[in-house]
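Given the sequences, and given the hints that come with them, work out the whole structure.
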Amino acid sequence: MEAPPGFDELKKDGRVCKLKKSIYGLKQSPRAWFERFTRTVKQCGYTQAHSDHTMFYKHNHGKIAILIVYVDDIVMTGDGIVELESLKNFLSNQFEVKYLGQLKYFLGMEVARSSKGIVISQRKYVLDLLKETGLLGCKPVATPVDPNQKLEKLDGAEAVDKNRYQKLVGKLIYLAHTRPDIAFAVSLVSQFMHCPSEKHSKAVHRILHYLKGSPGKGIMFSKNGSRRVEIFTDADWGGSSTDRRSTTGYCSFVWGNLVTWRSKKQPVVSRSSAESEFRAMAQGVCELLWLRKILEELKVEGDKPMRLYCDNKSAINIALNPVQHDRDKTCRNRSTFHQGETGKRRYLHTLCSII
Numbered sequence: 001m002e003a004p005p006g007f008d009e010l011k012k013d014g015r016v017c018k019l020k021k022s023i024y025g026l027k028q029s030p031r032a033w034f035e036r037f038t039r040t041v042k043q044c045g046y047t048q049a050h051s052d053h054t055m056f057y058k059h060n061h062g063k064i065a066i067l068i069v070y071v072d073d074i075v076m077t078g079d080g081i082v083e084l085e086s087l088k089n090f091l092s093n094q095f096e097v098k099y100l101g102q103l104k105y106f107l108g109m110e111v112a113r114s115s116k117g118i119v120i121s122q123r124k125y126v127l128d129l130l131k132e133t134g135l136l137g138c139k140p141v142a143t144p145v146d147p148n149q150k151l152e153k154l155d156g157a158e159a160v161d162k163n164r165y166q167k168l169v170g171k172l173i174y175l176a177h178t179r180p181d182i183a184f185a186v187s188l189v190s191q192f193m194h195c196p197s198e199k200h201s202k203a204v205h206r207i208l209h210y211l212k213g214s215p216g217k218g219i220m221f222s223k224n225g226s227r228r229v230e231i232f233t234d235a236d237w238g239g240s241s242t243d244r245r246s247t248t249g250y251c252s253f254v255w256g257n258l259v260t261w262r263s264k265k266q267p268v269v270s271r272s273s274a275e276s277e278f279r280a281m282a283q284g285v286c287e288l289l290w291l292r293k294i295l296e297e298l299k300v301e302g303d304k305p306m307r308l309y310c311d312n313k314s315a316i317n318i319a320l321n322p323v324q325h326d327r328d329k330t331c332r333n334r335s336t337f338h339q340g341e342t343g344k345r346r347y348l349h350t351l352c353s354i355i
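Following full-length UniProt numbering from start to finish, the sequence shown increments by one per residue and tops out at 355.
Keep in mind that the hints were calculated from the coordinates and are not lab data. Some hints here could point you the wrong way.
Said to hold, decoys possible - Computed spacing ranges between beta-carbons, pair by pair:
#1 P5 - K167: 29 to 39 Å
#2 C17 - G134: 39 to 49 Å
#3 G117 - I68: 17 to 27 Å
What the hints assert, rightly or not - With a Cα cut of at most 20 Å, we get these calculated PhoX-like pairs of lysine-lysine:
#4 K202 - K153
#5 K212 - K202
#6 K171 - K212
#7 K124 - K167
#8 K212 - K124
#9 K202 - K150
#10 K217 - K104
#11 K202 - K139
#12 K202 - K131
#13 K199 - K167
#14 K199 - K153
#15 K293 - K63
#16 K88 - K98
#17 K131 - K217
#18 K42 - K299
#19 K124 - K104
#20 K264 - K153
#21 K104 - K116
#22 K162 - K199
#23 K63 - K88
#24 K104 - K88
#25 K299 - K63
#26 K139 - K124
#27 K124 - K171
#28 K264 - K171
#29 K171 - K217
Idealized CB from N, CA, C, for every residue including glycine.
As structure tokens, this is what we get:
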């Protein structure tokens, strides 16, 4: 580390300071802090989740206390009220802690409660973004993507400010954490971060125009009688005009509530629609297994088997049939994994129509 103000003699000799411990502002400081926090919480009897290393939990007499950690911001929840109070006192003795009461705002996300459930949105974040881009008074549009427009890399096209483009897309990526309706659109424009053109910039602004029409839209988690864990998967085939790769999309529901979703271009070119759908299903299986691991660690029982929905019968047949097919050699590793999980009867394939 460079010598601080007041140690001018060290600077003249070209000397530096050797640190004996991490201090605020260093590259490794967040990791050092998290390791320190982890050791402290484990002393209180909490277990670090394998499914998510930023989650800690403790079971005690049929009750559970859960911590979610993001750097130095912590969310505490659970039905073990006594245990949570004990943890607050313990952390107050170990660190300088400020308790903010019931969760209302966390990392730019607004949390609202009612008798029907909990709603998470980013209304203020959206309005600030529109104000920053000068689109607070813009005309809303009905969809985040123009269905008649194909985005592709344009050689020789007039470039736009790359830094501004990357900054806007980065903010939209964060916003997509509570807005699944823009996930595909953001995935689309993020493919041109290194060479954006005016056409790509207009596509980003269209997403902002769409957000203007519904700045407060978010996700609602409600109580219901369902205890299912299910996921819907879909894929286009060769949808990218640039490299003809397909795009995977999936969304998972736990007890009837949307919890995870994704839209991502597949890493290789698929030779058929069944192959692209099968790759999407394999991604969905991974997500189901991750959700199952979380529920097991929290000792939450759900209906079994878990359900995976797909609208391609050929892809389902490939997954269910253990016989090697000539047509799926290019995705053989995924097929072996997929069929192995199917054989364990951990989830059930279901054919559905996606409109």
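Hint check results:
no. : hint                   : verdict
1   : P5 - K167: 29 to 39 Å  : 32 Å, holds
2   : C17 - G134: 39 to 49 Å : 46 Å, holds
3   : G117 - I68: 17 to 27 Å : 19 Å, holds
4   : K202 - K153            : 14 Å, holds
5   : K212 - K202            : 15 Å, holds
6   : K171 - K212            : 15 Å, holds
7   : K124 - K167            : 18 Å, holds
8   : K212 - K124            : 12 Å, holds
9   : K202 - K150            : 12 Å, holds
10  : K217 - K104            : 16 Å, holds
11  : K202 - K139            : 14 Å, holds
12  : K202 - K131            : 17 Å, holds
13  : K199 - K167            : 17 Å, holds
14  : K199 - K153            : 10 Å, holds
15  : K293 - K63             : 19 Å, holds
16  : K88 - K98              : 10 Å, holds
17  : K131 - K217            : 18 Å, holds
18  : K42 - K299             : 19 Å, holds
19  : K124 - K104            : 13 Å, holds
20  : K264 - K153            : 17 Å, holds
21  : K104 - K116            : 16 Å, holds
22  : K162 - K199            : 13 Å, holds
23  : K63 - K88              : 17 Å, holds
24  : K104 - K88             : 18 Å, holds
25  : K299 - K63             : 10 Å, holds
26  : K139 - K124            : 19 Å, holds
27  : K124 - K171            : 13 Å, holds
28  : K264 - K171            : 17 Å, holds
29  : K171 - K217            : 17 Å, holds
When each numbered hint is compared with the structure, no violation occurs for any of them.
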